[in-house]
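Engineer: Letter by letter, the chains look like this.
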Amino acid sequence: GQNIDQPTEMTATEGAIVQINCTYQTSGFNGLFWYQQHAGEAPTFLSYNVLDGLEEKGRFSSFLSRSKGYSYLLLKELQMKDSASYLCAVNTNAGKSTFGDGTTLTVKP
Amino acid sequence: EAQVTQNPRYLITVTGKKLTVTCSQNMNHEYMSWYRQDPGLGLRQIYYSMNVEVTDKGDVPEGYKVSRKEKRNFPLILESPSPNQTSLYFCASSLSKGGYEQYFGPGTRLTVT
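The listed protein sequences derive, respectively, from chains A and B. Each residue of the first sequence is one higher than the last, beginning at 1 in this note's numbering. Each residue of the second sequence is one higher than the last, beginning at 1 in this note's numbering.
Okay, chain B solo, but in the shape it has when bound (with noise of 0.2 angstroms):
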């Protein structure tokens, strides 16, 4: 089944303890961007990527790191995290930049107190 999948859904977690949330698609997908989406707010873009080892800032890149070290993957990393930082995350990815739709993970909720 075409999907994308993120780890862990749920976190609870304290202000300064590194985090890693794990993106993986198994559609052979070039593009890939990570979406944070806070209470009465659209999707925010934190960062993209347009293939292996081409990644970019998105919207709102402050206190977040990414890496695309292979086409599948595409981890968001927190390295130390803050309480504004609390927000639902979401992963997509797409066949290319541009004109194709985004595929969304289920979501990762984290809670940062």
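With the rest of the complex left out, here is chain A (with noise of 0.2 angstroms):
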């Protein structure tokens, strides 16, 4: 089966930067997402990343170490908007798509 996890909650300052980590045991891995997901709302998606390294988008940045199985998202200038549920997902090569519990980011001015 597979395994995802990230922490439960951060706690972090407007303006400053937050790194969420997430670490999983997978077979037949085939990419690595993270998605933002506001209260009440749909997950929505932020970055992807299936080989080794950094992929920047913005604001925001994501790491993959395929041997290692770990991952990080990484967040900048952060704004009170960004207060939300950031949740790490691995798909497999048979198509089965896994989710962590997510990681609740408060910002707090």
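These are computed hints drawn from the structure, not numbers from a lab. Ideal Cβ positions, reconstructed from N, Cα and C, are used throughout, including at glycine. Keep in mind that a hint or two might mislead.
Covered by chain B, according to a simulated footprint, are these stretches of chain A (three or more residues, beta-carbon under 8 angstroms) [as the list claims (entries may be wrong)]:
id, stretch
1, 24-33
2, 45-51
3, 94-102
Okay, the calculated beta carbon distance ranges per label pair [what the hints assert, rightly or not]:
id, chain 1, residue 1, chain 2, residue 2, range
4, A, SER67, B, LYS71, 30 to 40 angstroms
5, A, LEU74, B, GLY16, 47 to 57 angstroms
6, B, PRO106, A, ASN21, 26 to 36 angstroms
7, A, ARG66, B, LYS17, 44 to 54 angstroms
8, A, HIS38, B, ALA2, 14 to 24 angstroms
9, B, SER80, A, LEU54, 44 to 54 angstroms
10, B, ASN26, A, SER67, 31 to 41 angstroms
Selected chain A positions facing chain B (Cβ under 10 angstroms, derived; list incomplete) [unchecked claim]:
id, residue
11, ILE4
12, THR8
13, GLN37
14, GLY40
15, GLU41
16, CYS88
17, ALA89
Using the hints, put the two chains back together into the complex; each one sits in its own frame.
Structural biologist: This is the structure:
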């Protein structure tokens, strides 16, 4: 089976940088995704990694190490609207998609 | 507008009364999936489909059925709902399996009494 771990909650200050970690164990790895989910809404796509390294997309970056089963999402210049749940998800070659329980990020003024 | 739609958005029903939640996408996506989300938990995959007439079990398929007769539609069927199926359900689609992001529907909040 697959197992994904990420912290339950994090708090950060507006304007700061925060790193949300995700570790996973899977067979047939075919990509790691990060999604953002605001309370009461559907998840929306943030980033995708399939090869080792850093992917940058504006204020958001995501890193992957396949050998370590590790990823992180880096959010820079935090804004109040970044308060949300961040979901790490792993896809497999077989087509399954497994999500972590999500990290609830609270941004304080 | 490219989107995934689900109906109904809210449903309160009683134990044992069969129900269907519809899901439709207009992006010609091959891959579609159903998830449930319970408080404090992430999304758990119920079933997924990699194309028409191809469906597979996710992590929590018990008590659910699906069908994929057309590419755009992927209904979720609860033959005999029970209170432990009270949850928030999301349908999602992507271009194909694997390395493509999923687009999610708005969610269906189901309560089974």
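Engineer: Hints first: check each against the structure and report whether it holds.
Structural biologist: Verification of the supplied hints:
no.: 1; hint: 24-33; result: holds (count 3)
no.: 2; hint: 45-51; result: holds (count 3)
no.: 3; hint: 94-102; result: holds (count 9)
no.: 4; hint: A/SER67 to B/LYS71: 30 to 40 angstroms; result: holds, 37 angstroms
no.: 5; hint: A/LEU74 to B/GLY16: 47 to 57 angstroms; result: holds, 48 angstroms
no.: 6; hint: B/PRO106 to A/ASN21: 26 to 36 angstroms; result: holds, 29 angstroms
no.: 7; hint: A/ARG66 to B/LYS17: 44 to 54 angstroms; result: holds, 46 angstroms
no.: 8; hint: A/HIS38 to B/ALA2: 14 to 24 angstroms; result: holds, 20 angstroms
no.: 9; hint: B/SER80 to A/LEU54: 44 to 54 angstroms; result: holds, 49 angstroms
no.: 10; hint: B/ASN26 to A/SER67: 31 to 41 angstroms; result: holds, 40 angstroms
no.: 11; hint: ILE4; result: holds, 8 angstroms
no.: 12; hint: THR8; result: holds, 8 angstroms
no.: 13; hint: GLN37; result: holds, 9 angstroms
no.: 14; hint: GLY40; result: holds, 8 angstroms
no.: 15; hint: GLU41; result: holds, 8 angstroms
no.: 16; hint: CYS88; result: holds, 8 angstroms
no.: 17; hint: ALA89; result: holds, 8 angstroms
Violated hints: none; the structure is consistent with every hint.
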